Amino acid sequence: MDFQSCVNINKEWDIVGARQIGRDFARKIGFGTVDQARIATAISELARNIYLYAGTGKICFETIEEIDRKGLVILAMDDGPGIAEISKVMEDGYSTSGGLGAGLPGVKRLMDEFDIISEQEKGTKIKAVKWVR
Amino acid sequence: MNTLNLDLSNYRDLLKQYIRTQDETALYQAEQFSKLSMQQNISPEEIINVHIQALQDLYPELPEGIESSMNFLLEAMISYGLAYQEFQSLREQQLALKSEISVAASMQQTLLTTVKPEVEGLEIGAISIPANQMNGDYHHFVQNDDNKLGIAIADVIGKGIPAALAMSMIKYSMDSIPENRMDPSNILESLNRVVERNVDPSMFITMFYGLYDPGDEKFYYSSAGHEPGFYYNAAEDKFEEIEARGVVLGVTRDTKYRQYERKVNPGDMIIMLTDGVTECRQGDRFIEPEEVLDVIKANMHLPAQKLVEQVYKHFERLQDFHLRDDFTLIILRKEV
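Each protein sequence line maps, in turn, to chains X and C.
For the first sequence, UniProt numbering assigns the number 1 to the initial residue and increments by one for each residue that follows.
For the second sequence, UniProt numbering assigns the number 1 to the initial residue and increments by one for each residue that follows.
I should point out that these hints are in silico values taken from the structure, not numbers from a laboratory.
Everything numeric in this text was worked out from a predicted model, so none of it was measured.
Incorrect hints may appear among the rest.
Short derived list, chain X residues pointing at chain C, Cβ under 8 Å [claimed, not checked]:
{"id": "1", "residue": "Gly30"}
{"id": "2", "residue": "Thr33"}
{"id": "3", "residue": "Val34"}
{"id": "4", "residue": "Arg38"}
{"id": "5", "residue": "Thr41"}
{"id": "6", "residue": "Gly80"}
{"id": "7", "residue": "Pro81"}
{"id": "8", "residue": "Pro105"}
{"id": "9", "residue": "Gly106"}
{"id": "10", "residue": "Arg109"}
{"id": "11", "residue": "Glu113"}
Note that the Cβ used here is the ideal one computed from N, Cα and C, for glycine as well.
Hey, can you work out the whole structure from these sequences and the hints?
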């Protein structure tokens with residue numbers, strides 16, 4: 001897939017950059033204020049995960065257009081340690097209990113589609129899609 | 001009062017009404033609006049969004065700073081919305097777990113069910129109430145062909161599901177003990193071997209086993225570290241502790257249990273219980289064993305079953321209707 005725009009995540013400050021670019025995309029595609037805020041929050045969670053657990057990685061954005069709908073794809077990729085038990089991190093209350101934030105279940109709720117591929121010692125790839133309502 | 005709709009025009013009208021009149025009615029309707037929103041899983045950021053739009057409708061010349069500030073607030077509410085959704089889904093999971101446990105609890109009820117037998121010249125009262133859904137106490141009546149009555153009462157140290165599982169094992173082991181070996185000491189010795197082999201050493205099971213023989217009117221009993229019961233001597237109108245020594249089940253394979261006996265006279269009572277009775281708490285204070293006896297004494301005129309129920313009711317109320325431990329009380333009374 002040829003992504004229109006990517007942001008490298010190396011330091012905490014890059015989370016803000018990713019949010020900004022994602023929000024600009026969302027606005028242009030035609031998302032309302034509430035959805036823009038949700039998309040920005042999802043980007044924060046994904047970028048923070050990269051920053052905290054993988055160290056470095058990137059977040060890419062792409063517009064998708066189908067015959068009857070338009071949406072935004074967010075792709076988060078890293079070459080970090082990977083997630084050993086995906087079902088565990090997707091459980092409600094697993095990451096939030098420590099007050100760390102919405103976690104991946106939160107991202108899933110904020111977006112319409114969510115997919116995750118992770119291999120230990122190789123890295124993690126998360127794809128999330130939101131459609132304009 | 002009109003039924004509320006969750007739409008923008010409705011919210012705008014309510015807001016307008018409130019701004020104009022500062023009226024409590026509008027505020028009450030705002031409360032209704034908020035409840036309705038929760039019912040329909042509307043998150044806080046969406047309400048703020050409705051608020052922003054209503055403001056823009058009502059004040060087209062809204063200063064720019066106000067509008068930005070509202071967007072700022074919306075952003076700040078996103079995580080609350082997520083937390084609320086997570087809470088909803090955890091609540092659903094909790095309900096699912098609860099119903100699973102209640103299925104297990106009713107299965108346990110079926111497994112451990114025991115029928116209070118009719119024995120001539122003997123009145124029997126028994127009550128067993130779990131603190132949580134699953135009962136870690138156990139009692140069982142066995143009536144042999146020769147009309148002897150066996151009574152088992154046991155307590156697993158610990159509560160809930162692990163305790164309940166251990167109890168089911170005890171029940172089935174007891175069922176497999178041959179009828180000619182139903183002496184209290186024999187029973188405890190064979191159960192001890194079962195527990196020693198099958199139960200984690202960190203789990204303790206205490207048990208009292210009594211056998212009443214209407215032939216010689218004697219009560220035979222042994223105890224495996226169980227909470228001592230009481231004997232009521234009617235002739236002297238006095239309670240005494242039933243002394244019986246023995247270690248808890250499962251400590252060592254070849255434990256021997258001593259068997260005791262005593263003659264039961266008309267009007268005498270044998271009181272067997274678990275520590276959920278004697279360790280009732282009133283606030284932070286554990287009750288004294290005498291308090292149990294006082295309550296029994298005060299209700300002694302009642303039939304045995306009514307008597308145990310009254311005692312339970314008394315301590316249930318004393319503990320603000322919230323049991324901290326499983327409560328089992330059995331009273332045998334020889335009819336006068």
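Enumerated hints in conflict with the structure, sorted upward: The structure breaks hints 1, 6, 7, 11; every other hint is satisfied.
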